[in-house]
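Residue strings, one per chain:
4 protein chains.
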Amino acid sequence: MNLTHPFRDEDGDKLREECGVFGAVNAADAAAATALGLHALQHRGQEAAGIISFDGGEFYQRRGLGHVAENFSSSEAIAELPGFMAAGHVRYSTTGGSGMRNIQPLYADLASGGFAVAHNGNISNAGTLRQELVSKGAIFQSTSDTEVIIHLVATSRYPTMIDRLIDALRLIEGAYALVVMTPEGMIACRDPLGIRPLVMGKMGDATVFASETVALDIVGAEFVRQVEPGELVKVDFDGNVDSLHPFGARGSRPCIFEHVYFSRPDSIFDGRSVYAARKAIGEQLAIESPVEADLVVPVPDSGVPAAIGYAQQSGVPFELGIIRSHYVGRTFIQPSDGARHSSVKRKHNANRALVEGKRIVLIDDSIVRGTTSLKIVEMMREAGAAEVHFRVASPPTAHSCFYGVDTPERSKLLAARMEIEPMREFIKADSLAFVSIDGLYRAVGHDARNTACPQFCDACFTGDYPTPLTDLATREHREAQLPFDKVA
Amino acid sequence: MNLTHPFRDEDGDKLREECGVFGAVNAADAAAATALGLHALQHRGQEAAGIISFDGGEFYQRRGLGHVAENFSSSEAIAELPGFMAAGHVRYSTTGGSGMRNIQPLYADLASGGFAVAHNGNISNAGTLRQELVSKGAIFQSTSDTEVIIHLVATSRYPTMIDRLIDALRLIEGAYALVVMTPEGMIACRDPLGIRPLVMGKMGDATVFASETVALDIVGAEFVRQVEPGELVKVDFDGNVDSLHPFGARGSRPCIFEHVYFSRPDSIFDGRSVYAARKAIGEQLAIESPVEADLVVPVPDSGVPAAIGYAQQSGVPFELGIIRSHYVGRTFIQPSDGARHSSVKRKHNANRALVEGKRIVLIDDSIVRGTTSLKIVEMMREAGAAEVHFRVASPPTAHSCFYGVDTPERSKLLAARMEIEPMREFIKADSLAFVSIDGLYRAVGHDARNTACPQFCDACFTGDYPTPLTDLATREHREAQLPFDKVA
Amino acid sequence: MNLTHPFRDEDGDKLREECGVFGAVNAADAAAATALGLHALQHRGQEAAGIISFDGGEFYQRRGLGHVAENFSSSEAIAELPGFMAAGHVRYSTTGGSGMRNIQPLYADLASGGFAVAHNGNISNAGTLRQELVSKGAIFQSTSDTEVIIHLVATSRYPTMIDRLIDALRLIEGAYALVVMTPEGMIACRDPLGIRPLVMGKMGDATVFASETVALDIVGAEFVRQVEPGELVKVDFDGNVDSLHPFGARGSRPCIFEHVYFSRPDSIFDGRSVYAARKAIGEQLAIESPVEADLVVPVPDSGVPAAIGYAQQSGVPFELGIIRSHYVGRTFIQPSDGARHSSVKRKHNANRALVEGKRIVLIDDSIVRGTTSLKIVEMMREAGAAEVHFRVASPPTAHSCFYGVDTPERSKLLAARMEIEPMREFIKADSLAFVSIDGLYRAVGHDARNTACPQFCDACFTGDYPTPLTDLATREHREAQLPFDKVA
Amino acid sequence: MNLTHPFRDEDGDKLREECGVFGAVNAADAAAATALGLHALQHRGQEAAGIISFDGGEFYQRRGLGHVAENFSSSEAIAELPGFMAAGHVRYSTTGGSGMRNIQPLYADLASGGFAVAHNGNISNAGTLRQELVSKGAIFQSTSDTEVIIHLVATSRYPTMIDRLIDALRLIEGAYALVVMTPEGMIACRDPLGIRPLVMGKMGDATVFASETVALDIVGAEFVRQVEPGELVKVDFDGNVDSLHPFGARGSRPCIFEHVYFSRPDSIFDGRSVYAARKAIGEQLAIESPVEADLVVPVPDSGVPAAIGYAQQSGVPFELGIIRSHYVGRTFIQPSDGARHSSVKRKHNANRALVEGKRIVLIDDSIVRGTTSLKIVEMMREAGAAEVHFRVASPPTAHSCFYGVDTPERSKLLAARMEIEPMREFIKADSLAFVSIDGLYRAVGHDARNTACPQFCDACFTGDYPTPLTDLATREHREAQLPFDKVA
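Residue numbers (this note's numbering), protein chains in the order written: chain Y, 69 to 556; chain E, 69 to 556; chain R, 69 to 556; chain S, 69 to 556.
Extracted from the complex, chain Y is given alone in its bound form:
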């Protein structure tokens, strides 16, 4: 959700982030529940967190860099956030001085009163909209694409807040799951294709919204249903829950990578257990790409469910051939190349006594740049593995995501640069196989991918983007017109 500055993004090395949102309304301790909910969503964004609450009169805000536990576990922190409605956000952020002002939820005093919004996703025409707004005198305080929504709401000519919000959403493209607070209540909504996830729960009289069901579990809320693609759910302070579908019906395209990696395995995504989906992917892998081996070894922790599935399907025993330290985060969202490499060493260690002399099947959820995979394979060889067969529980990741997921620019994606066999050589494995795209769809409950009308957003695998990418097109158009060189 970080809008890259129009004049600085041309090198394309700007990272975008995956986020998590949570909201609670008509709750006794809305902020405390939100803090706990965000903690359960911590894996979706570890760099910063924020909560805004409302007590019927005023809005209160607190935010900070770092983990939820660091910023929101103390009673003092929660005491700063009184009220019966609260919304929160965790994010993976770019570093540097501008960090604090981009921490969500964002807040503005509009003519109609306070307006707060927490956003997971990415608006693919935010740059274009921002230029239009600024040319009319709008003043942006952050570089976040989310602020575009606020300005569109502020300048909408509709009289009611819900109509102003719908008016704003009609103008934006891309992926969004929003939790909005106004002095009248909470509004949760998802983009027309439902690319990013959002679920609804019930906790006594309170209504809660969250990116994943695990956040409902931690606060003791009951799962009600997901917010539907294109739906706005409006909850007022009398507990009335209204559902609006202002954008008409369109086929949904939830992000399939939530099943592959983003969501926690104990979440239910799109009506299906993520753990079960990952095990089923592992089973598909075992069916599609079997190999003679002594051990099935997961790359911990994200490869574990698929490895269990692979082992159960193949009959090769599941064993912990790599031990993961508890004292580091996940590879995918480390800030710099340097840190990513060195963190492999601090993060994983070979279980040499187990691995020595064995033929092993390594199971990982995905391959992005391939550098980690290479190091893992080398670590297995150094520990004495006789053979190392690499199996990946997703198809080759060959395309960047423009919907709120932190991916490197395309040229750094291993699968965008080479075919399977060169990839195998690059990571130095004895064999390499990815689950097929249809195998992936089978694992999540379909016969196959519906090519005409795919059931998921799988653009990172297929390049089939379900929305226009206006900012990207504008940029490419502008670059195409540059007479000689790309400007520095």
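By construction, these hints were calculated from the structure, which means they are not laboratory data.
Not one of these hints is a red herring.
All copies of an identical chain are treated as equivalent in the list; a pair is satisfied when it fits inside any one copy or across any two copies.
Below, computed lysine to any residue pairings styled on SDA-like, alpha-carbon distance capped at 20 Å:
#, residue 1, residue 2
1, Lys204, Thr223
2, Lys204, Asp177
3, Lys204, Arg225
4, Lys426, Ala344
With chain Y's structure known, arrange chains E, R and S on it following the hints.
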């Protein structure tokens, strides 16, 4: 410059602040010079400081709560602020979480490019303008009245930045001394009456602006002249200096309290040495209100020059009967009542060996609430003073300031509550006298106050406000219409 | 290693800690290697870390509360620790102001030069020795039992450092693994029974010592052998390695709980893979206490290897029925009761979709107070488990440890308070079984426990303490003499 | 009080510090009173502060780098220090990591119970004593000479605490004013010559001790008398006050520089008002070294009283020709040469409007290195002064202090390097004069200096050190034996 929130200010207990501004353009180390300049202006605002610089391409910002030295003395801090143009601001701020976003200079990305502004003063129709702007969709990020200027510039329909700024300034009332930065250069300006001070200096090829001449001294700049009331001085990156007077000619009304207390004694204000002015006030006091005594004792440090004047005029010896600790700030700008009282004890100590058995004339610059004066008199009595005669180097402060000076609400001003004799009883002095308003004018070089057309803004003494006070009138009007009680 | 203050320990609620030590000598970047080594030992102590280095002339020290990564990952931190010899320590500490001075390694300027020591273990006559030393004028600066060693060395009458150290060690009882630095070199040693672990490795010309082999792996050092019980290994700056056995031969008694829980599964402890040992314990459990079930579910992460062993032996599938958050530490070493309870909720979540309607076998490494076990069983039931059978990969923990392990006082150990069946009722499981003590010995490679001469220290299970417990006896003796009540 | 490390002090560039001590016993809020007392002594040491309290059972400690107000103004800080007895210390410290452990009061658990000591002064045989103690097995934790006292007390063979303390003090040479706390009460004492100051006051039932009387004033205590040279005053918890004189009678030699500069002007030192003494020095200067001039200008703030005296004696008007910023500390105790120079610019500004074209007499308290004096003279010339005559309110400072005062090594003292006329040239003044040593003695109430038996320690002016300087002699002896060069 803090705009009090329209719905929270009705109790009138909101403090407003005095600030200091500094700017340097075409300077080799613009930010380093600005940091030093702000340090020399530290007495004008001790709660927060900020600097924005420009290197021809980008704007850079750094700000922090606390003193300039704490935030801007390290080479790391200055290295964050590259470029040949910089502007800075020190302020006295309201406390609390909203502190950081109100720290100036404020910055915005406008359609025409970056725009930074540092403001000393107070816009007396800021609330009214803000409501209009918000109703058209403007989103405010701070509670500062300065942000009104930015929004007015952003939404002006004039094509050039200077015209947009003039367009904005035409709409605002009150007192302002501004240092503005745009990608074309620096603009410094003062309100049509020149209520708040602003001077211009030369440092090699660089042009500098500052609230007081001491800031020129510290950076080694030569004093050129003051920015005239109603003048805009525009400096581009070729060093061209233009002067504009878009508002026509009006009599100037600089704040006479700069002579009384705000400015440092080594500054030249309105063409006159502040030290000399204060000594002259003391001489006037001695002429108007002589008394038989053994010692003239200043309330340190602000009462010292007037006490020297009083002693020289009266022939009574000047002596340090009160010793001030170096380790606290000035009384006037402590944040809470509690702190103000307890700080008297930590701040001043009687020089008992000197005072014991003596008749003393105490000289202070002003009396605001009177609580400090009472404690000082009591301290002298406890130290054995035989008689304590209190002489004040300004007329009674009986009216609030709405031009950027932190004053209590009127009902807390001692001189608004009682006549001289009850004041004397309140502070428990043997005698009490204030310099007369004409005596004050004589001390600063006039025969007397020109009642028809006063030479200074002296509203805090006379209640004669030189500009409309739109927000105040609106608020009073609204309150007058409330049927029964004032709203909470 | 925290010596409880003789006048405050009578309530017995003082926690003692498990620690980790690391040393590197004749290494190019001794401190950097030590930081990395400590990071790999982070699970042995998460509250504080310290490193001391030596460059041939001076000793340098740095220490801090919190994780190794927080205190020793920056190049600035490592730059403060120059030299070719370094030793470090991680610890679990008591909270409060005295924290900093107890962080190890401890350092003292002795008449013979600098002396630094890092200690894992607990000296069971430290209180008695300390009283003697203080009565002779020794001044203690910490409450650490380790400081006793330093004072004994300082006051020894032997001429050489090695003899002074041996002289000191002859006087102490209990468990210790030490890494000592002097201006002549590094000395590593283990108590005569080898209760606490210590291994030696080779990294080019450098010699390294560590509590566990994983710390050798992370720095790329080759495992050489363990330091033997009662052995002192002395390494000088020419690389000469001497081995001394000044205490004669005695049967070794390494801590069997290292296999059960403390060591990382990828470590080799006492010549055996910890992972393999844990799997074998799980297999023993399956043989000793089988049950009809649908799933084998580990309590993550420490129950995982035993669960794999149980599953492989029993044929019941291994599944992740509990998902553990990455964003919290291990239960066992949280500072307060309150935090321990609330952390269960933030730490584990049921994989409801998997568990619902199933008969599950829960595998955990041990039961201490039983409160966590209860919550886990309840969580499984709330998630719809049909039956919950609890299997524990260690015998009942019924006795406190006095050898450097943080255990609650005995009266809080569930197994000290009740038999198996009441324990089952307490944790609300359908069945409960612990591995037998002989089963445990079989899993680690013996036919059975040698009752006459046990192969391990297993006092926490058997109450059979292999050393005198002088401080404890003194305290009990003193308490026994109190005429009426125990003093407050 | 910082004991310079025997192997690092040979370059002589180690700074020593001036400190302040405060103690309160039988006081309701002992720690709160101590915090306030230390605040009044802040000018004696600004780098660190510490307080230890005792509640009848336990000792409590808090200390921190920076000012008293930063570390001890909050209610939380005071709440950490319960009890009816407390002692505190402010110090000027050496920088770096060893800072914290050297902050006083120091504390040790002795066999006889807790022992805390706050020390102002310097023990001139501390290095020698320390070597002896270490050779017997004592372990030092700080580099402070104060720790020597503790070890001497700990190893004394006398049975009572007061005898052990006396035994220890018999062994030490130099200057000390101590406040000691034991579980039996408070002991305050001064070295036999009374070089460093210490006074006693009464505050209801409480007894207080402080380095200066201003600390009594701030807590509302009544001045009783000074602690006499060589006296130990012992206060128990029943309020009994005993006076001991174990060292016999010797002529007292209080530090005359307390009158010149160290003490606050509102303090009574050695029975005389410091303000009156400084004024009298100024009068002596005017008598001894008159000059035709227009203005008497003090170098603020320490030169002000002498300037008032000079002006009153000479009839030349006293004026503020230099304005001092409130936002910096005193020159004398800035940590490095670099900071000292740059701070002149940030600290003082010429009152140009006053000074221009005038002949001025500058009055300063002393000249140390002369670099500041030079800058001040230059500043006056740049501001247009016609003539600048420099008068110094002390004799030339030509010798280092070894009694707890931070002085540069002798070779950096301007008066050690040259006669008066070259000094005048160095600082570029039109004339330069110092008060004579006899004039100084006259100003503080004596006819002249008693050469046979001086009434004060004036070693910094005369080189006449009243005690042996054992460490210095040892070092010089050792250096004299070095065959060629001084070791690095």
